[in-house]
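As they're listed, the protein sequences go chains A and B. Here numbering that gives the first Met the number 0 is used: the first residue of the first sequence is 0, the next is one more, and so on. Here numbering that gives the first Met the number 0 is used: the first residue of the second sequence is 0, the next is one more, and so on.
Keep in mind that the hints were calculated from the coordinates and are not lab data. Careful, some of the hints might be misleading.
FRET-style restraints, in silico, Cβ to Cβ [unchecked claim]:
no., chain 1, residue 1, chain 2, residue 2, range
1, A, TYR205, B, GLN175, 21 to 31 angstroms
2, A, PRO153, B, PHE114, 20 to 30 angstroms
3, B, LEU116, A, LEU137, 40 to 50 angstroms
4, B, PRO79, A, TYR51, 11 to 21 angstroms
5, B, PHE114, A, GLN185, 38 to 48 angstroms
6, A, LYS287, B, ASP187, 43 to 53 angstroms
7, B, GLN175, A, PRO67, 23 to 33 angstroms
8, B, ASN74, A, LYS287, 35 to 45 angstroms
9, A, TYR205, B, LEU227, 44 to 54 angstroms
10, B, ASP230, A, LEU70, 45 to 55 angstroms
11, B, ASP68, A, ILE23, 43 to 53 angstroms
12, A, GLN239, B, ASP230, 29 to 39 angstroms
Covered stretches of chain B (in silico footprint by chain A; criterion: 3 or more residues with CB under 8 angstroms from a CB of chain A, positions within the stretch not fixed) [stated by the list, open to error]:
no., segment
13, 40-47
14, 51-60
15, 82-90
16, 108-120
17, 196-208
18, 273-283
Where is the CB? At the ideal position from N, CA and C, for every residue including glycine.
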Amino acid sequence: MKNNQVSTTIFLAPYVILFTTFIIIPVTIAIGLSFSYFNAIERPSFIGLDNYVNILTQDNTFMQFVLPNTLIFAVIVGPGGYILAFLLAWMLAQISKVPRTIMALILYSPSMTAGIAMAVVWKIIFSGDEAGYLNSLLISMGFINQPIQFLQSPEYLMIIMIVVTLWGSMGVGFLAMLSGVLNIDQEIYEAAYIDGIKNRFQEIVYITIPSMKPQMLFGAVMAVVTTFQAGAIGVELSGQNPTPQYAGQLIVNHLEDFGFIRYEMGYAAALSVLLLLFIYGFSKIAMKLFGEKDN
Amino acid sequence: MASFHGSKINPDRFHKSQLKFYAILIPISILMLLPIVYIFSHALKPIDELFAYPPRFFVQKPTVQNFQDLVQNSNDTGVPMSRYLFNSIVVTSIVVLFTIIISTMAGFALSKKQFKLKKTLFEINTLALMFVPAAVTIPRYLLMDEIGLLNTFVAHIFPLLAMPVGLFLVKQFIDQIPDELIEAAKIDGANDFQIFRKIIVPLVKPAIATIAILSFQAVWNNAETSTLFVDDENLKTFAFYMSTLAVDTGGNTVAGQGMAAAAALIMFVPNLVIFIFMQSKVMNTMAHSGIK
Numbered sequence: 000m001k002n003n004q005v006s007t008t009i010f011l012a013p014y015v016i017l018f019t020t021f022i023i024i025p026v027t028i029a030i031g032l033s034f035s036y037f038n039a040i041e042r043p044s045f046i047g048l049d050n051y052v053n054i055l056t057q058d059n060t061f062m063q064f065v066l067p068n069t070l071i072f073a074v075i076v077g078p079g080g081y082i083l084a085f086l087l088a089w090m091l092a093q094i095s096k097v098p099r100t101i102m103a104l105i106l107y108s109p110s111m112t113a114g115i116a117m118a119v120v121w122k123i124i125f126s127g128d129e130a131g132y133l134n135s136l137l138i139s140m141g142f143i144n145q146p147i148q149f150l151q152s153p154e155y156l157m158i159i160m161i162v163v164t165l166w167g168s169m170g171v172g173f174l175a176m177l178s179g180v181l182n183i184d185q186e187i188y189e190a191a192y193i194d195g196i197k198n199r200f201q202e203i204v205y206i207t208i209p210s211m212k213p214q215m216l217f218g219a220v221m222a223v224v225t226t227f228q229a230g231a232i233g234v235e236l237s238g239q240n241p242t243p244q245y246a247g248q249l250i251v252n253h254l255e256d257f258g259f260i261r262y263e264m265g266y267a268a269a270l271s272v273l274l275l276l277f278i279y280g281f282s283k284i285a286m287k288l289f290g291e292k293d294n
Numbered sequence: 000m001a002s003f004h005g006s007k008i009n010p011d012r013f014h015k016s017q018l019k020f021y022a023i024l025i026p027i028s029i030l031m032l033l034p035i036v037y038i039f040s041h042a043l044k045p046i047d048e049l050f051a052y053p054p055r056f057f058v059q060k061p062t063v064q065n066f067q068d069l070v071q072n073s074n075d076t077g078v079p080m081s082r083y084l085f086n087s088i089v090v091t092s093i094v095v096l097f098t099i100i101i102s103t104m105a106g107f108a109l110s111k112k113q114f115k116l117k118k119t120l121f122e123i124n125t126l127a128l129m130f131v132p133a134a135v136t137i138p139r140y141l142l143m144d145e146i147g148l149l150n151t152f153v154a155h156i157f158p159l160l161a162m163p164v165g166l167f168l169v170k171q172f173i174d175q176i177p178d179e180l181i182e183a184a185k186i187d188g189a190n191d192f193q194i195f196r197k198i199i200v201p202l203v204k205p206a207i208a209t210i211a212i213l214s215f216q217a218v219w220n221n222a223e224t225s226t227l228f229v230d231d232e233n234l235k236t237f238a239f240y241m242s243t244l245a246v247d248t249g250g251n252t253v254a255g256q257g258m259a260a261a262a263a264l265i266m267f268v269p270n271l272v273i274f275i276f277m278q279s280k281v282m283n284t285m286a287h288s289g290i291k
């Protein structure tokens, strides 16, 4: 028995040590710093809830741009991308193997591209002069006469950010859902039709989704992560932080603006705690929807 | 069964009832594919085609000029591109290898061993699936400073080794290995390390392949460790070099565009090749990926 404990410790130790050091401790430090004033030179001094109070009451940029932007972006890219991933997986599962594999690969491949690498490509496609691909296309088709400064105009930046992020969001979660749909026992469907299910929609709601809840939940958590990880996209596309008229400013950018440009680390830490709470909240909703603990 | 007219999941061959799915899937796939095709096409364009107006999507006379420029450009800035690539390859290999070992070991313990806090540990890890490194950039920087890893080669490596999603997937996969198999090996006198090496590792190869891909993508595409933790140009990675091109060119200088597309291609192709080789193993792992 003694040996058993020793080996368990050896198996677990590397992961637990690294996990604690690079995930748990940074989160703990962020929480600690969020209650202090810290300019990266002097020692942090405790100021209670001031940072949070300031974010909610003094920080006009946050309330006026960052929070609404983050919410819009998160709601469209998160649930939107998730539903899209599910529908694509569901359709893919109903065609034969070879075309399915090819198309799954195509849909997954954007998620393999690095954010920065793609930013370059998007910049060329959405370039603001006539030589930009989208501008050139729209001009030649007669929709517009003047090239549009897509990445520098507040009214387009957010839409482009959402499109680009959705494009790259068919990742691990999508693959999980695809194999989830594929592994549902055919007999369940047959039984359900005998029990009176009438159409495709009922089939999805009553059979497909409940039969693959665990994959749905995994997909949902991955969707939340992808959404918030994509935070840098606005800055990458427009090439500036803050983004033009704060049009594409998300919490992550606001955080970097304060942390690395203004060196208000305590304030930035409070923003990161809010961000983590945000992510946690979104995932909790997903757990409520697809968790199996209720039954 | 005559009354059954529902979904045929995973059909063996084409049937015209599938046409409606093709009608939606093919256009979407083409749209998704366009930017990828565009990287290939743009990376191979000679300078006059990069300048061409109106711009053309496909390359007419492919050339490797952009790749040569890319190498030249980095030589001019003092650090040869081979150095960035070398750093990237070394960092990536080490991270992928150790992530596999560490996650599989921990996955084995979490799945098949009994110990205190086992459930708690797994729940914390499941919670950490949602962990977004960008949220704690600053504390991570302070921490790296404190433990003296700033400006070292291993600064690229350590922060990426613990991968919650990797542990999660491998643990779920090991869960379906029957306990009897392990008991039988124990009776034959095998210790935990032998069980791990002779039974677990061979059986969880699909999950290992999946961790390898995920961790490869995470490291190979990672420019943040170079930006944040390392000052010495000689220690930075190719992803970082790529990101400086993105900043310098701003999408306006035409020669820069070609180079940036060439670099984007070098970033993307290894991901693609590895995934194509391992895709069936990945799908196998994903079948067990659910959170219960």
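Verification of the supplied hints:
no.: 1; hint: A/TYR205 - B/GLN175: 21 to 31 angstroms; in the structure: 27 angstroms, holds
no.: 2; hint: A/PRO153 - B/PHE114: 20 to 30 angstroms; in the structure: 55 angstroms, violated
no.: 3; hint: B/LEU116 - A/LEU137: 40 to 50 angstroms; in the structure: 59 angstroms, violated
no.: 4; hint: B/PRO79 - A/TYR51: 11 to 21 angstroms; in the structure: 48 angstroms, violated
no.: 5; hint: B/PHE114 - A/GLN185: 38 to 48 angstroms; in the structure: 40 angstroms, holds
no.: 6; hint: A/LYS287 - B/ASP187: 43 to 53 angstroms; in the structure: 47 angstroms, holds
no.: 7; hint: B/GLN175 - A/PRO67: 23 to 33 angstroms; in the structure: 45 angstroms, violated
no.: 8; hint: B/ASN74 - A/LYS287: 35 to 45 angstroms; in the structure: 56 angstroms, violated
no.: 9; hint: A/TYR205 - B/LEU227: 44 to 54 angstroms; in the structure: 49 angstroms, holds
no.: 10; hint: B/ASP230 - A/LEU70: 45 to 55 angstroms; in the structure: 37 angstroms, violated
no.: 11; hint: B/ASP68 - A/ILE23: 43 to 53 angstroms; in the structure: 45 angstroms, holds
no.: 12; hint: A/GLN239 - B/ASP230: 29 to 39 angstroms; in the structure: 23 angstroms, violated
no.: 13; hint: 40-47; in the structure: violated (count 1)
no.: 14; hint: 51-60; in the structure: holds (count 4)
no.: 15; hint: 82-90; in the structure: violated (count 0)
no.: 16; hint: 108-120; in the structure: holds (count 5)
no.: 17; hint: 196-208; in the structure: violated (count 0)
no.: 18; hint: 273-283; in the structure: holds (count 6)
In summary, the numbered hints that this structure violates are 2, 3, 4, 7, 8, 10, 12, 13, 15, 17.
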